[in-house]
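> One letter stands for each residue in the lines below.
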Amino acid sequence: MTTVDPTALLGVAAEAALGVPGVTGLQPRLAHRLAAAAASTRTHPASHRTPPEAGVRAERAPDGSGWHIEVRCVLAEGRRAVDVARTVHGRVRTAVISRLAAPEPVTVTVTVTRIAARYDEP
Amino acid sequence: MIERTASPRLECDLPDGLLAVRAAEGDEDSFAVLVRRHSRSLLTLACCMLGNPQDAEDAVQDAFVSAWRRLPEYRHSAEFRTWMYRITVNRCLTMRRRRLSPLSLNTVVEPVAGDAWSQPDRSAERDAATVALTRALAELDAGQRICWILREVQGLPYREIAHMTRTSEPTVRGRLFRARRSLQEAMGPWR
Amino acid sequence: MALDDPHTRPPEPPEADGPRTGSAAADVLPFPGDQALPCGRLLSRVWEQAQDEAPAADPHTVSCPHCREAAEGLATVNAATRALRAVDPPGLHALADRVMNAVRTEVGLGRLLPLADPDRDLRITESAAAKALRQAADGVPGARAATCRLTSAGEGTDIRVTMTLVAMLDRPLPERVHQVRRAILHSAGQDLGLAVTAVDISVVDVLEPWPPHPGAGIRTGGGA
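Chains as they are written, first to last, in numbering that gives the first Met the number 0: chain A, 0 to 121; chain B, 0 to 190; chain C, 0 to 223.
Simulated from the structure, these hints should not be mistaken for lab results. A portion of the hints provided could be inaccurate.
[Stated by the list, open to error] Sample of chain A residues facing chain C (criterion: CB under 8 angstroms; computed from the structure):
id : residue
1  : R79
2  : A80
3  : D82
4  : A84
5  : R85
6  : H88
7  : V107
8  : V109
9  : T110
10 : V111
11 : T112
12 : R113
Think of the CB as a built atom: it goes at the ideal place given N, C-alpha and C, for glycine as much as any other residue.
All chains, full assembly: derive it from the sequences and hints.
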């Protein structure tokens, strides 16, 4: 049986991406960010963190032929973006495949949304 | 994602116009430099106009977010600083109107507090003269107060103040005179 | 307490809208509550001069004891104004973070560009790539990037960069533009992994020294 919980795939993919050196975070989708902002209050602006899975999307191909995973990463300055993205691509794909109950095609898209500057600490 | 806003290295030495160009193309870090560069004077302005630090923070935050949205159509006909003043002044005026509206459904309608800046935890560091001035400012007519703040605290030209307050230069000068007169009477007599 | 708003107030008295002419004693009293000093000058005008103009701009006020006394009447207010300017308003330190969190909530991804890997679906936002390339241009002394757009150039992962620059005029522009082009190509290859095949650069303005007043506390220079 090939039924897989998509939420479980999101978690696996997020963990794999965040484990790649040079990845500092995953960029949540707009809906998540808006929800977090709506829940946020003035006094505790940092207390409403969006879960890392919010930066991953997992979709079954319409014809049921496999999974498509999209990961949106924020990188740290200092490593070549394409190399980090390539590693994320490989690790996410491997992690998702290992989670599937039966072999299915998995395609992955990695989007670098931001390269965070190394800041001078004040 | 909640992130800390710290000082990026290179943007700090760029003039406002260049930062605004970059921010208009979606460069958040350039916008962050503009925010840090101007929030002090805009917050002082909003505090003086609204008399309430929390409302002032909200007004300035709204003004910056609105500026971020409108940056792509900002044509650099005015300096960024002036453009931000206009947005902030308009925001403060809107908030005042809303707060003062008899139909307002706000549960708490705060009066313009004379000692808005003398919060208990801050009074120790607050210069007595500043508190006295803030009190005196709160007693002023709103039109006089905004003209005085824009001129004497922010140093804007008369023409700019007239534009922002939608009056004429002579009106601005007249309000300034009356504001000076009232503040002088409140703060200290002729010697 | 005055709670009215400039927009809802009745207009100023008509005499307040009259033109503000010079400092001559012949002035009518333009502002309610204004007064003529014993020397003939209007108090409102003396105050304006004292606040707005260089101390020695008007020979009369330098020597006139009445004008001087009137101007000194604002000393207490001026001292308090200076103190007000020097004090950080409440909430200042958290404000920048609040603003930027609100801004980041709104930021969409914008356009996406392919990274230089023909076998995998790897993309980067135009804003992230532009930021890195602007930074590379900023590293060239005497040049600063203004706009930076990236577009797909034909087939595959090829990218065209279109940048505008501001540059100092202390050295020939073609040389500087050449340096910037090299910096862009180097950064695109080394920092990003972007197959930039064309770079269009135009210099749109002169880079003036910034900040205008040295010692204003803003660090200058920099550059990797």
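> Which earlier hints can't be squared with this structure?
Result: no hint breaks.
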